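Q: Got chain R sorted already, so can you dock chain C onto it with the hints?
There are 2 protein chains.
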Amino acid sequence: MFGGFSEYSLIGDYVQSTLNSSAFTFESAPIFTLMEKEVGKKYAKMLNWETYDFIFCPGGTFASLYALTTSRFHKFPNVKFEGVNNLPQMNVFTSELSQCSMEKGAMVLGIGTNNIITIKTDERGRMIPSNLEEKIKICIDKGHVPMMINSTMGTTVFGANDPFEEISSICEKYDIWHHIDATYGGAQLFLEDFRKQHENAFALSDSISMDQHKVLSVPQQSTIFLTKHEDILEECNSTHSGYMSMQEKVLYDFHLEIGDKSIQCSRHMDIFKFWLYWKALSTEGLKDLIKKALDNSKYLAKLVKEHKNFELIIEPEYLTVCFFYFPEHIVYNPRDEAFWKEVDDICKKMKIEMIKRGNTMISYQKQLSSHKKLVNFFRPSITLGKEREDIDFLFKELIEIGEIVSEKENLMRSIRTSIILA
Amino acid sequence: MFGGFSEYSLIGDYVQSTLNSSAFTFESAPIFTLMEKEVGKKYAKMLNWETYDFIFCPGGTFASLYALTTSRFHKFPNVKFEGVNNLPQMNVFTSELSQCSMEKGAMVLGIGTNNIITIKTDERGRMIPSNLEEKIKICIDKGHVPMMINSTMGTTVFGANDPFEEISSICEKYDIWHHIDATYGGAQLFLEDFRKQHENAFALSDSISMDQHKVLSVPQQSTIFLTKHEDILEECNSTHSGYMSMQEKVLYDFHLEIGDKSIQCSRHMDIFKFWLYWKALSTEGLKDLIKKALDNSKYLAKLVKEHKNFELIIEPEYLTVCFFYFPEHIVYNPRDEAFWKEVDDICKKMKIEMIKRGNTMISYQKQLSSHKKLVNFFRPSITLGKEREDIDFLFKELIEIGEIVSEKENLMRSIRTSIILA
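Chains R and C supply the protein sequences, listed in that same order.
Residue numbers for the first sequence follow this note's numbering, so the first one is 27 and each next one is one higher.
Residue numbers for the second sequence follow this note's numbering, so the first one is 27 and each next one is one higher.
By construction, these hints were calculated from the structure, which means they are not laboratory data.
These figures come from a predicted structure and were not determined experimentally.
In this text, a Cβ means the ideal position worked out from N, Cα and C, and glycines have one as well.
Do not rely on the hints blindly, as some may be mistaken.
What the hints assert, rightly or not - Derived pair list, reagent style DSS-like, types lysine-lysine, alpha-carbon separation capped at 30 angstroms: (1) R:LYS146 - R:LYS412; (2) C:LYS168 - R:LYS101; (3) R:LYS422 - R:LYS374; (4) R:LYS331 - R:LYS313; (5) R:LYS375 - C:LYS63; (6) C:LYS382 - R:LYS63; (7) C:LYS63 - C:LYS374; (8) C:LYS161 - R:LYS63; (9) C:LYS392 - C:LYS161; (10) C:LYS63 - R:LYS374; (11) R:LYS328 - R:LYS412; (12) R:LYS318 - R:LYS63; (13) C:LYS375 - C:LYS313; (14) C:LYS328 - R:LYS382; (15) R:LYS331 - R:LYS254; (16) R:LYS101 - C:LYS101; (17) C:LYS101 - R:LYS168; (18) C:LYS412 - C:LYS324; (19) R:LYS434 - R:LYS334; (20) R:LYS63 - C:LYS374; (21) R:LYS254 - R:LYS63; (22) R:LYS305 - R:LYS222; (23) C:LYS67 - C:LYS305; (24) C:LYS434 - C:LYS392.
Stated by the list, open to error - Using C-beta positions, here's what the derived DEER-type ranges look like: (25) C:GLU415 - R:GLU256: 44 to 52 angstroms; (26) R:ASP416 - C:ARG221: 30 to 38 angstroms; (27) C:GLU429 - R:LEU282: 25 to 33 angstroms; (28) C:ALA306 - R:ASP416: 17 to 25 angstroms; (29) R:GLU256 - C:LYS434: 54 to 62 angstroms.
Chain R with its partners taken away, still in its complex shape (with noise of 0.2 angstroms):
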């Protein structure tokens, strides 16, 4: 997921860091704080949203952070200052195919990973709405509350977007915060189909988060997390710290001073290597990068289901391209335990090869769902910048790598089984 590159941003991160400015007062870092208002009101633009407020943080935890935060605070803005103790139980509601950072966040607010309600998927990976409603439904009944729901923009192994439009109207029928977890689809947003097709969602929802290090081949860290909830930031998270900030302190307008919007205090300014990229490929510049690679994820697709020993588990929607391997002798086999434990077993033992070998690098998993259990499959995510040619060579890499270690296994069976007495 990081493998991209740029010069651009990469020069802007050298910049960033010989520069060492922090965003914790505009007096330390004014340009870039100027940088910063320009990139969250491109996004916002993006989304329609006319009203809104962000903030720059070091990673997509964070940007979940946030959200729940932000929540929270919404729903009970004296949180801030007398917490939840007084508070009934709050539940969020998210995929189960969503990323960690929902658990990790219920850990760090005192919410607690048995309160983060996990919703079932589809064949496709999405969410599925009628079990997000009846999993309210029975929130509501135990007199919790349902504080948010996290839907995905390309979830971490299928790449899957979960169906926005649908989710938040139930988010609007029963007053949920409805936050979209876009740190790794995001990239999306710069094509205007994607917006178009989704613009009834946004307007619905209440945040998003966006990992520019993640497809926009950024260096890490660059991430927004963007509300439409005006100044809600300041009022959630402000301290007013004297030594950080006091407004006759300022000699400039006070506006401009958004340090205390944040949770951090000094914090790195992530914002340069990606204003820079975006600057100087534009708008329409990136869109082709994007639309470029989402050809690649497909080309892969399509060499995978052309070839024998390949099995395509999902048509990709976006970036990453999920497939099994099967050895050839076993490649005709009936698809029993036997059969799927081989697979499970060459696809690891084919990372070691491949690690060994050390021309490609991507990954593997099991997956375990309400809808699919799956042993291990391959699944990298198509970077920007990637040629046609790059796909060749991943694809003939893992052919090369698939027969080597079936070759090796072979020899291995063949042995044990010349030992067997008859």
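A: Using the frame of chain R, we list chain C on its own:
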């Protein structure tokens, strides 16, 4: 505070940006993970801790967050799964002069800022232990749980070190987690005398946090949270997400897999810039730099004391030097309200002039504590690698700026006076 600079740490940061490794698995950042382990071990040795656990994180506020969540988990391990709703109200104790991260943390954890109990400070800006004990008793009488005491090594404004040993004893007596916020003052740990002086306190304390990006000349951000409680971070923060790491996936010793200790998923490696700096300078070299900076801080205090237009507020214990500027025309005036109003006013105007002039940049602020109520004063923080001449230059600038601003003010005053009709 971020004014320090080292070519080693800067190059280290460039390398990190270029490699763009993430710490969520050992596989994606093997060498940097080993470097983290080495630095953690070195720090633990300085504190004389035989057992320990640690995590790097992007800044001091997040380290404070770890202190809060870890101490809560230590008292109530079920909080991870069940949240705080069935637990009593928790209280956290911190000096009235500590930085804002306890408040920020209390908002995030659902403790509430009202439950951060501030403790009075003495004439040197240090927490008063008797006041701490009083407040703990009140907390217990209310049926609240005293969860954590946050003491500060090097307060933001006065650079004071809280009386760690007395605080540690109180923590022992009432079974409270003792966290030392050494984000600013941690550089003192490199001094043998300092370590010797506080060894009993360290032996009794539970955790400590240090920003390498403050005094130690490392570009933002590089923070370590270190606790004496082995394995607690894994227990407190892990979610065991399959997509991040599965025991069977690991091609190496599973104990090298430290990503899940963190509340982050993708985590920027902040270690190389610091490791390289430390390696290049050696512990001895770092110690010498810190000693020299402490000398410079005393030297600036001496210059301040010897000049009639300046007044030192507190004899510096660390690297911050706090002082007033008295304009010439009031320097022998009685120290009444009018006097302090002018002192307050000229400080602000001098800062404006300083920014326009562009040669130096230091902070100023007011400070209210139970002991003092100070109008605006300057509080430069001395960074590593500065020479006597740099201190002389800063002081000369302040004198000149003071004179320029005073003259302007006098001119304005005489114009106003001459306009008044007799």
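Q: Could you grab the alpha-carbon distance between LYS328 (chain C) and LYS382 (chain R) and see if it respects the 30 angstroms cut-off?
A: Given that 30 angstroms is the threshold and the Cα spacing comes to 62 angstroms, the pair is violated.
Q: Does the Cβ pair ALA306 (chain C), ASP416 (chain R) satisfy 17 to 25 angstroms?
A: violated, 38 angstroms
Q: Taking 30 angstroms as the top limit, are the C-alpha atoms of LYS331 (chain R) and LYS313 (chain R) close enough?
A: holds, 27 angstroms
Q: Checking one constraint from the list: CA of LYS63 (chain C) to CA of LYS374 (chain C), max 30 angstroms. Satisfied?
A: With a Cα-Cα distance of about 46 angstroms, the restraint between LYS63 (chain C) and LYS374 (chain C) is violated, given a limit of 30 angstroms.
Q: If you draw a straight line from the CA of LYS422 (chain R) to the CA of LYS374 (chain R), is it 30 angstroms or shorter?
A: holds, 18 angstroms
Q: Check whether the Cα positions of LYS305 (chain R) and LYS222 (chain R) lie no farther apart than 30 angstroms.
A: holds, 24 angstroms
Q: Is it true that the C-beta distance of ASP416 (chain R) to ARG221 (chain C) lies inside 30 to 38 angstroms, as the hint says?
A: violated, 53 angstroms
Q: Assess, step by step, whether the Cα of LYS375 (chain R) is no farther than 30 angstroms from the Cα of LYS63 (chain C), and give holds or violated.
A: Given that 30 angstroms is the threshold and the Cα spacing comes to 29 angstroms, the pair holds.
Q: Need the status of pair LYS331 (chain R), LYS254 (chain R): alpha-carbon distance at most 30 angstroms?
A: violated, 42 angstroms
Q: Does LYS334 (chain R) sit within 30 angstroms of LYS434 (chain R), going by the straight-line distance between their CA atoms?
A: This hinted pair holds, its Cα atoms lying about 20 angstroms apart.
Q: Given a hint of 54 to 62 angstroms, does the C-beta separation of GLU256 (chain R) and LYS434 (chain C) actually sit inside it?
A: violated, 40 angstroms
Q: Given the hinted pair LYS328 (chain R) and LYS412 (chain R), is their Cα-Cα distance within 30 angstroms?
A: holds, 17 angstroms
Checked against the numbered hints given earlier, this structure breaks hints 1, 7, 8, 13, 14, 15, 26, 28 and 29; the rest are met.
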